[in-house]
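Chemist: Each residue of the sequence shown is one higher than the one before, starting from 1 at the first, in the working numbering.
Rather than coming from a laboratory, the hints here were simulated on the basis of the structure. Check before you lean on any hint, since a few could be wrong.
[Stated by the list, open to error] Here are the simulated EDC-like pairs of lysine to aspartate or glutamate, each with C-alpha atoms no more than 20 Å apart in a straight line:
{"no.": "1", "residue 1": "90", "residue 2": "111"}
{"no.": "2", "residue 1": "114", "residue 2": "94"}
{"no.": "3", "residue 1": "138", "residue 2": "156"}
{"no.": "4", "residue 1": "85", "residue 2": "104"}
{"no.": "5", "residue 1": "143", "residue 2": "159"}
{"no.": "6", "residue 1": "85", "residue 2": "68"}
{"no.": "7", "residue 1": "114", "residue 2": "130"}
{"no.": "8", "residue 1": "153", "residue 2": "164"}
{"no.": "9", "residue 1": "90", "residue 2": "104"}
{"no.": "10", "residue 1": "152", "residue 2": "164"}
{"no.": "11", "residue 1": "98", "residue 2": "75"}
{"no.": "12", "residue 1": "114", "residue 2": "104"}
{"no.": "13", "residue 1": "142", "residue 2": "164"}
{"no.": "14", "residue 1": "114", "residue 2": "156"}
{"no.": "15", "residue 1": "142", "residue 2": "130"}
{"no.": "16", "residue 1": "143", "residue 2": "130"}
{"no.": "17", "residue 1": "89", "residue 2": "111"}
{"no.": "18", "residue 1": "66", "residue 2": "80"}
{"no.": "19", "residue 1": "90", "residue 2": "42"}
{"no.": "20", "residue 1": "187", "residue 2": "164"}
{"no.": "21", "residue 1": "98", "residue 2": "62"}
{"no.": "22", "residue 1": "142", "residue 2": "111"}
{"no.": "23", "residue 1": "161", "residue 2": "130"}
{"no.": "24", "residue 1": "142", "residue 2": "156"}
{"no.": "25", "residue 1": "178", "residue 2": "156"}
{"no.": "26", "residue 1": "138", "residue 2": "104"}
{"no.": "27", "residue 1": "58", "residue 2": "94"}
{"no.": "28", "residue 1": "58", "residue 2": "80"}
{"no.": "29", "residue 1": "23", "residue 2": "13"}
{"no.": "30", "residue 1": "90", "residue 2": "79"}
{"no.": "31", "residue 1": "143", "residue 2": "111"}
{"no.": "32", "residue 1": "58", "residue 2": "44"}
{"no.": "33", "residue 1": "153", "residue 2": "130"}
{"no.": "34", "residue 1": "89", "residue 2": "75"}
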Amino acid sequence: MRAANDLWSDILDDMEERGCVGKSLSLACQNHPTTITHVSNDSDFKKVPNGGCSVNCKARLDCGHKCEQLCHPTDPNHEEYDCRKRCQKKCQRDHPCKRLCYQDCNNCMVEVSKVVPRCNHLLGMSCHQDPSTFQCTKPCPKKLRCGHACPKKCGERCERKCAEEVRKTWSSCNHTYKTQCHIDPTKTVCPKPCNTLLKCEHICT
Numbered sequence: 001m002r003a004a005n006d007l008w009s010d011i012l013d014d015m016e017e018r019g020c021v022g023k024s025l026s027l028a029c030q031n032h033p034t035t036i037t038h039v040s041n042d043s044d045f046k047k048v049p050n051g052g053c054s055v056n057c058k059a060r061l062d063c064g065h066k067c068e069q070l071c072h073p074t075d076p077n078h079e080e081y082d083c084r085k086r087c088q089k090k091c092q093r094d095h096p097c098k099r100l101c102y103q104d105c106n107n108c109m110v111e112v113s114k115v116v117p118r119c120n121h122l123l124g125m126s127c128h129q130d131p132s133t134f135q136c137t138k139p140c141p142k143k144l145r146c147g148h149a150c151p152k153k154c155g156e157r158c159e160r161k162c163a164e165e166v167r168k169t170w171s172s173c174n175h176t177y178k179t180q181c182h183i184d185p186t187k188t189v190c191p192k193p194c195n196t197l198l199k200c201e202h203i204c205t
């Protein structure tokens, strides 16, 4: 550089007189001014990956944890830093959050027992669920108008037509068959095939 250009030769002479020329470049950390890093080749810059120095940041974050990065002059307020420690928050029932600190807390999924106010049944459900809007999964305790038990779940609407299998007799033919409880033989056709021989000699179906 000195041989190629007279101007650079003069500049280098002046710098040498001031002691500003050496085998390495001294980098002073912006955050830790007393920490000097000497770099003489590209691999030396790995000592200061974030542009500061090799000292751990350890700044106290709003969440209470410490920054785990090496010293970094950029983002001094840690507004862009994602804390990857376990979240320390708890739900109203004191269950710990299972996400990382920088993530938004999800609904608490820990199973707990709660009373459903509409039926007073004690059920297991996720901690975050409101029992007043929870559909009870226990068998319905109600009886239908016919006296048979409702086949639905407690939180479901009862069947209006009972599907219980019972034996009923059709008075028009005195045939007795198993059919659903809600079927009225006086208003329905007997389900037994007729089998009567028609005038055409075909069997009535």
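Chemist: Hints first: check each against the structure and report whether it holds.
Modeler: Right, here's what the structure says about each hint:
1. A hinted pair counts as satisfied when its Cα atoms are at most 20 Å apart, and residue 90 with residue 111 qualifies at roughly 15 Å.
2. Taken as a hint, the residue 114 and residue 94 pair is honoured in the structure, with Cα atoms around 16 Å apart against an allowance of 20 Å.
3. Restraint check for residue 138 and residue 156: the C-alpha separation of about 10 Å stays at or below 20 Å, so the hint holds.
4. Taking the CA atoms of residue 85 and residue 104, the gap is near 13 Å; set against the 20 Å cutoff, the hint holds.
5. Taking the CA atoms of residue 143 and residue 159, the gap is about 10 Å. The hint holds against a cut of 20 Å.
6. Under the criterion of a C-alpha separation no larger than 20 Å, the hint pairing residue 85 with residue 68 is consistent with the structure, at around 10 Å.
7. The suggested pairing of residue 114 with residue 130 holds, with an alpha-carbon distance near 9 Å, which does not exceed 20 Å.
8. At most 20 Å may separate the alpha-carbon atoms for a hinted pair to count; residue 153 and residue 164 meet this at roughly 16 Å.
9. Restraint check: the Cα-Cα separation between residue 90 and residue 104 comes to about 12 Å, which is no more than 20 Å; the hinted pair holds.
10. Between residue 152 and residue 164 the alpha-carbon distance is near 12 Å, which keeps this suggested pair within the 20 Å criterion.
11. Straight-line distance between C-alpha atoms of residue 98 and residue 75 comes to about 27 Å, which puts the hinted pair past the 20 Å bound.
12. For the hint pairing residue 114 with residue 104, the CA-to-CA distance comes to about 26 Å; that exceeds 20 Å, so the pair is violated.
13. Between residue 142 and residue 164 the CA atoms are separated by roughly 15 Å; this keeps the pair inside 20 Å, and the hint holds.
14. Of the pairs offered as hints, the one joining residue 114 and residue 156 holds, with about 19 Å between alpha carbons and a cut-off of 20 Å not exceeded.
15. Under the criterion of a C-alpha separation no larger than 20 Å, the hint pairing residue 142 with residue 130 is inconsistent with the structure, at around 24 Å.
16. As the CA atoms of residue 143 and residue 130 are separated by approximately 28 Å, the hinted pair breaks the 20 Å bound.
17. At most 20 Å may separate the alpha-carbon atoms for a hinted pair to count; residue 89 and residue 111 meet this at roughly 18 Å.
18. Simply put, residue 66 and residue 80 have alpha-carbon atoms about 14 Å apart, close enough for the 20 Å limit, and the pair holds.
19. Between residue 90 and residue 42 the CA atoms are separated by roughly 47 Å; this puts the pair beyond 20 Å, and the hint is violated.
20. Under the criterion of a C-alpha separation no larger than 20 Å, the hint pairing residue 187 with residue 164 is consistent with the structure, at around 18 Å.
21. Straight-line distance between C-alpha atoms of residue 98 and residue 62 comes to about 19 Å, which keeps the hinted pair within the 20 Å bound.
22. Taking the CA atoms of residue 142 and residue 111, the gap is near 28 Å; set against the 20 Å cutoff, the hint is violated.
23. Between residue 161 and residue 130 the CA atoms are separated by roughly 31 Å; this puts the pair beyond 20 Å, and the hint is violated.
24. Distance restraint check for residue 142 and residue 156: the Cα-Cα separation of roughly 11 Å lies within the 20 Å cut-off, and the hinted pair is therefore satisfied.
25. A C-alpha spacing of about 27 Å is found between residue 178 and residue 156, which places the hinted pair above 20 Å, so the restraint is violated.
26. A distance of roughly 34 Å separates the Cα atoms of residue 138 and residue 104; the hinted pair therefore is violated under the 20 Å criterion.
27. Restraint check for residue 58 and residue 94: not satisfied, since their Cα atoms lie roughly 29 Å apart, outside the 20 Å limit.
28. With a CA separation close to 16 Å, the supplied pair residue 58 and residue 80 stays within the 20 Å bound.
29. With a C-alpha separation of about 15 Å, the suggested pairing of residue 23 with residue 13 holds against the 20 Å cut-off.
30. Between residue 90 and residue 79 the alpha-carbon distance is near 23 Å, which puts this suggested pair outside the 20 Å criterion.
31. Taking the CA atoms of residue 143 and residue 111, the gap is near 31 Å; set against the 20 Å cutoff, the hint is violated.
32. Of the supplied pair hints, the one linking residue 58 and residue 44 is violated, its CA atoms being roughly 23 Å apart against a limit of 20 Å.
33. The straight-line distance between the Cα atoms of residue 153 and residue 130 is roughly 18 Å, inside the 20 Å bound, and the hint therefore holds.
34. Taking the CA atoms of residue 89 and residue 75, the gap is about 25 Å. The hint is violated against a cut of 20 Å.
Of the numbered hints given earlier, the model fails hints 11, 12, 15, 16, 19, 22, 23, 25, 26, 27, 30, 31, 32, 34; all others are met.
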